[in-house]
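Engineer: The residues making up each chain are set out below.
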Amino acid sequence: MTKYIDQGKNDTRSGYGAGMTELGRTNPNVVALCADLVGSLKIQTFIDENPERFFQIGIAEANMMGIAAGLTIGGKIPFTGTFANFSTGRVYDQIRQSIAYSGKNVKICASHAGITLGEDGATHQILEDIGLMKMLPGMTVINPCDFNQTKAATLAIAEHQGPVYLRFGRPKVANFTPADQKFEIGKALMLNEGTDVTIIATGHLVWQSLIAAENLENQGISAEVINIHTIKPLDNEAILASAKKTGCVVTAEEHNYLGGLGESVSRVLASHHPTPQEFVATQDTFGESGTPEQLMDKYGLNNKAIEAAVLKVLKRK
Amino acid sequence: MPSTQELQNLVTQVRRDILRMVHKVNSGHPGGSLGCTEFFVALYNEIMELKDGFDMDGNGEDLFFLSNGHISPVFYSVLARKGYFPIEELNTFRLINSRLQGHPTTHEGLPGIRIASGSLGQGMSVAIGAALAKKLNGGNHLIYSLHGDGELQEGQNWEAIMYAAGNKVDNYIATIDLNGQQIDGSTDDVLPLGDVAEKFRVFGWDVLEIENGNDLKQVIAGLNEAKSRTGKGKPVCIIMTTMMGNGVDFMMHTHAWHGKAPSDEQLETALAQNPETLGDY
Ligand SMILES: Cc1ncc(C[n+]2csc(CCOP(=O)(O)OP(=O)(O)O)c2C)c(N)n1
Ligand SMILES: [Mg+2]
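Residue numbers (this note's numbering), protein chains in the order written: chain A, 28 to 344; chain B, 61 to 341.
For the record, the hints were derived by calculation from the structure and aren't laboratory data.
C-beta atoms are modelled at their ideal positions from N, C-alpha and C, and glycine is treated no differently.
Among these hints, one or two may not hold up.
The calculated BS3-like cross-link candidates involving lysine-lysine, where the alpha carbons are at most 30 Å apart (straight line), are [stated by the list, open to error]:
| # | chain 1 | residue 1 | chain 2 | residue 2 |
| --- | --- | --- | --- | --- |
| 1 | B | Lys142 | A | Lys36 |
| 2 | B | Lys259 | A | Lys36 |
| 3 | B | Lys84 | A | Lys199 |
| 4 | A | Lys331 | B | Lys84 |
| 5 | A | Lys272 | A | Lys199 |
Which stretches of chain B does chain A cover? Using the computed rule of at least three CB atoms under 8 Å from a CB of chain A, they are [as the list claims (entries may be wrong)]:
| # | stretch |
| --- | --- |
| 6 | 80 to 90 |
| 7 | 191 to 202 |
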């Protein structure tokens, strides 16, 4: 199986910060907004280098979304920054009307997504944001898997015309994608070719899928691993090609099974090539306080859960 | 009624609880918790009329809502030491499978908590709803709430502030923790709040101020004064000036300890400044 080396644990939000630093130097239209969470969003370098292009909004996320929409009128490319919960559910109608429906070029950048936010607990752990955002017409939804991919995605969305939801996280996780890998919005990445089962993963669950694939290989099971970083628009072709080859699918995401990547995949499969599928995701529950590892374990979001799902779906072939 | 010395001892012990809770899990929010310790101790042990035990509806007693849920450590400590749940449970703060979530929740059924908070700016609306329910039920008890000053930047507060005055929600006392700090810096640096007392006043509230919210006597006097102003057609607001991190010298005069845990060494220093009074959990 293709080997992936962890180049050193890092948080995906720092990938966002690094991307913003680069955009600050290369794209004069990029502006950053933040709602009292500069440290969490890792954008201090952008602010230091471009103080006139940074807007500290205060703890007022709805206002931030509206101001971001307004900044696009005149050609700015606003990147809003706060936790995922306050980037989506908190401000859904502001995004819906002033950004999505109005077709504004706002990049909604959301840190601390999912359960791995950890100790702060369920009030801050949104597991519904992919669903909320993918339902908005015209919204692009991206959930990168590591530092390098998040940085690359940050650069890529600046070039893309239209609203984007960029979802990343808090904990330090394996950084394994090549630093120079180009980020193509909407294009799946084949991480490991296999023949028995397709694992389709997004975000933090991609590394877990690679661990699972390695363990499965030791049991004689050949798992194909596909990284879907763009949940919308979805790379239907890559999904269908793999499902036709292996005949069964496991999706893995740090999100509720309702509304997440898994549902998007199952819709593609149901329409074009019905295939048995298991969902590694949270089961319609809120999260809770705990360390990221404990929570991933308790809520079935790690390599063990993926391996179990693979064994289950293989029986359904 | 407990004596002032007894309350002061409780204040010190609660500060120790806060520091030890946050230190143990290396996360949580000591700054605002330490700044609001006198307020919580006074409210629960001197001011509010409380029944024994806990039921969600809270008919026949005063109710409190914490809107700035991140200062859960002080809330949990005061609730535990008031007898709502075992003091030893403070040991489980922010751990997996605990009822003491990072931010207060009803989901795990912790006695004393009536609403989840943590996502800022929502508590005043909830408190108003509870105050309206009390009126509908013919109850003559009061609703109290606490809000951060940075939290006031959330627009929902101002919808609630307008509503409470416009609808004469006069069985309600909202307190603002005016510590001048939030996550990214001072409130003046992040987004200036202007004259908060005057803002409440022009929105139609009866406003009073506690100049030093870390002076137990002043807090008690202020809360009693606020109580006496209820039932007169206006919601009551207390602008309470506090010091974030109060009681620990190196945590004061900065926003740095808003949401950061002390190291082992820092904990020792901090605890030495707050000697044990009622026994650590
Ligand atoms: C809606 C929302 N936005 C952002 C946050 C993140 N956050 C938690 S506490 C805080 C600062 C709160 O400032 P203040 O109310 O003054 O409390 P203090 O820092 O004084 O304890 C922020 C921005 C949040 N919890 N909820
Ligand atoms: Mg404050």
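Engineer: A separate judgement is required for each hint: does it hold in the structure or not?
Structural biologist: A quick look at each hint next to the structure:
1. Lys142(B) <-> Lys36(A): Cα-Cα ~44 Å, so violated.
2. Lys259(B) <-> Lys36(A): violated (48 Å)
3. Lys84(B) <-> Lys199(A): holds (21 Å)
4. Lys331(A) <-> Lys84(B): Cα-Cα ~29 Å, so holds.
5. Lys272(A) <-> Lys199(A): violated (34 Å)
6. 80 to 90: The restraint on the stretch 80 to 90 of chain B holds, since 3 of its residues have a Cβ under 8 Å from chain A and three suffice.
7. 191 to 202: violated (count 0)
In summary, the structure is inconsistent with hints 1, 2, 5, 7 from the numbered list given earlier, while agreeing with the others.
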